[in-house]
Amino acid sequence: MLQSEYPPNELTSFEQIKEKGDLLNSTEPTINGFTLDLKENESFDIDICIEKLLACKPLSSKNIKSLCSKLKEILINEANVQIVKCPVTIAGDIHGQFFDLLELFRIGGMPPDVNYLFLGDYVDRGYHSIECICLIMALKIRYKDRITILRGNHECRHISQIYGFYDECLRKYGSASIWHELTDVFDYLPLGALVEHHIFCDHGGLSPNANTIDYINSINRFQEIPHEGPMCDLLWSDPDEKNGWSMSPRGAGYVFGPDVSQKFIHTNGLSTICRAHQLTMDGYTWAHDDNVVTVFSAPNYCYRCGNQAALMELDEFENKQFLTFDTAPRRGEARKNIQNTIPQYFL
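Take this note's numbering: the final residue in the sequence shown is number 347, and no numbers are missing along the way.
Possibly wrong hints are sitting among the right ones.
[Said to hold, decoys possible] Using 20 Å as the maximum straight-line C-alpha spacing, the simulated DMTMM-like pairs for lysine to aspartate or glutamate come out as follows: (1) K72 / D187; (2) K57 / D47; (3) K144 / E241; (4) K72 / E196.
Keep in mind the hints are simulated off the structure, nothing from the lab.
Turn these sequences into a full structure, and let the hints guide you.
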């Protein structure tokens, strides 16, 4: 069963978030007495960065900035809708659950042995958004033809100010500098992927104003996610069992019915639409007469929802297999280390 990605008693409306106030032009805050034992003069080595991140060790701000710069050089040459070949493993929302990301790689295999397509929402809600996004970025830089990373609705300045990523950057690095660097990279992330020209993948869903993949490729994606319009819809929309289009209760995007997905599939010569964006208790679920599949890869979402997570494997013949997994065994250790500094939006 599909559920909202937002647990009860938390903000769900884009308009509510906007009302919280725009912090983007504020002076970068600092935390008095904040100390972090990092060598800012160390040279950049992508393999050393990956080794540190796999051990959940923090990178220096200098190395994070280098990651951002190198990833931009790769992403600027990628299309809005990236062509991806099989075999590939598709992952949904991660949401800062770092030890569960390691469990994902344990279950699905580690790059470069496995090709991955990530559908977005790497940050917010979990305790280790920085480690999650930096590890995925580093793997993309190291194995750029093996990993495709898309943008989710949380790869956004407004949203990540509210749901934990901004505060985590302040807590771990003492200022908003790293947050600014990483959110600038978000503007470069592709909006979708096309697996073997048959399976359209994005984070949210469809848009009434983007009927073809050619049109999606024409969108200017190098910007903050707009509050409305096709780019917003692709990252925010959800499938529904009622035909046609309706306004989304999230406050951004739409809900779309089986007739809409069938028309998009027919128009673009597709077999399937694959997306993330919604909690599903079994880790994946089919909708719209098996035209649409949702994949969610954050087990026990928000450390309380009790759901399984899933990956969708596609072999060289596009046959689908789902790998489900539960929360990583090290979750308790991570929680113990920071239980005294858990912000309210995690509770």
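Violated constraints from the hint list, given by number and in increasing order: 3 and 4
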